[in-house]
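Chemist: Sequence:
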Amino acid sequence: NGNLTNTDELTEMLRNQMGRHINTDSDSELLLNVFAEGMNRADKKGSMVEAVFGAMELVMKECKGGYAGMFLINGVGLVGFRDPHGIRPLVFGTRRTNKVDQMDQNGVPLTPAHMATSGKTLDYVMASESVAIDTLRFQLVRDIRAGEVIFVDMNTGNCHSRTCTPKPSAAPCIFEYVYFARPDSIMDGVSVYETRLKMGEKLAIKIMRQRPDHDIDVVIPIPDTSRTSALQLSYKLNRPFREGFIKNRYIARTFIMPGQATRKKSVRLKLNTIKSEFAGKNVLLVDDSIVRGTTAGEIVQMAREAGARNVYFCSAAPPIRYPNIYGIDIPTRQELIAYERDEDAVAKKINCDWMIYQELKDMEDAVRECVTGTNDALPLFDTSCFSGVYVTGENIDDDYFAKLHNQRNDQAKQDRNRKRALPPQSNDGCESVNNDKRDGSTSQGGDGCESLTNDRTTMTTTTTTTTVVS
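Residue numbers for the sequence shown follow our numbering, beginning at 6 and rising by one.
The hints are simulated quantities; they were obtained by calculation from the structure and are not laboratory data.
Each residue gets a CB set at the ideal place from its N, CA and C atoms; glycine is no exception.
Watch out, some of these pointers could steer you wrong.
[As the list claims (entries may be wrong)] Distance windows between CB atoms, simulated:
1. LYS125 / TYR344: 46 to 56 Å
2. LYS49 / LEU274: 31 to 41 Å
3. GLY285 / LEU77: 56 to 66 Å
4. ARG46 / ILE251: 54 to 64 Å
5. GLN22 / GLU364: 44 to 54 Å
6. ASP370 / ILE279: 30 to 40 Å
7. ILE279 / ARG216: 20 to 30 Å
8. ILE251 / MET213: 27 to 37 Å
9. TYR240 / GLU55: 53 to 63 Å
10. ASN277 / GLN22: 17 to 27 Å
11. GLY285 / ARG346: 38 to 48 Å
12. ILE401 / ASN6: 40 to 50 Å
13. ASN356 / LYS211: 17 to 27 Å
Work out the full structure: start from the sequences and follow the hints.
Modeler: Dropping the structure here:
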């Protein structure tokens, strides 16, 4: 989970200095090769524990970016890790073999304190979010810390941990709390649900400060992620909370779809209005964030078509003005609606009567205020898509971002999709034309494949052309 930002340098190093073959453009392959190189350098007579941690020290040293992941080493064990800034999430849990572990008064399993000598009495699990651990009926131990590596030795059953970077500096991605994580998750000791309530509360305070004479009749969330913030916002504004949009759950996230026309069409397929909640009312729409603005503009239009007298819009996140380079496919700056626009300009662009964004400081405080007393404070966050500050040291004017633009813009994505189109099919629709070894004299399935028409009544020669439309 995540993204490496120095893939060119890593590819050069692995090929020319380490003599390794790189077969794909996946940064996961690079990460794995660096780890494998570290394992090869290990003392063959030393312990496997030291070999794994030594290899991960090389990974942490050479691989830049935001990443969390796991390696399964055949016959050896499981390795879980987070980058030196802990940007992407990873948690782990345990349970006593064949039964749920006992808990102490703080809700922490009793046995993980002795994990390094537990033998095979414990099962272990790692996941991006705590909800997966709850579902499997394991007990959450904690988040894997920035720069930390967890190694579960399958031969001894023991679990070992070590920080494999000299200066870890935790800066988890704040967008996880805004959008990606499920509300019932606990991330870095913080309840995602509680942070979204706080975000709604702080957004309501800003609305009352900037629009003290507002005439909002009803607060309506844009499903699904914004519901928690919208609920608390409506409570703070003393206005009714209503569900005005019903979501088709079988449509993918629209902000990552390639092509403006595709995204606009998908919004209408994804959402439908309950007209009685809009008719004749001044409606405040609440979304978790606004990326390109395609979804927001279409939703405002849907609210007007449903009979809303005035449509106001607010975002539980600050304006997104910069690309994310740590694993979130946020597009290039020029495609972001808030790029070089203030709130009034964005409101005009999406055709709402007024709009308000969350303040960055308020969003950070919303997360910090939900840290429990038993957990470490969170002094830093990765807020790069809002602030343009990248915790790994990149600068928005670097050549890296020009390369990123060439990879991520809409036209580049559409060109890639066309290149990935399926090859033309043979007469029987079973093989690529290039692989068809038959003489092509008939449409019959001589190799066990049936004709596309499934017609066995004639022996006439036919030609089938498959057109792929992207």
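Chemist: Which hints from the list above does the structure break, by number from lowest to highest?
Modeler: 2, 10, 11 and 12
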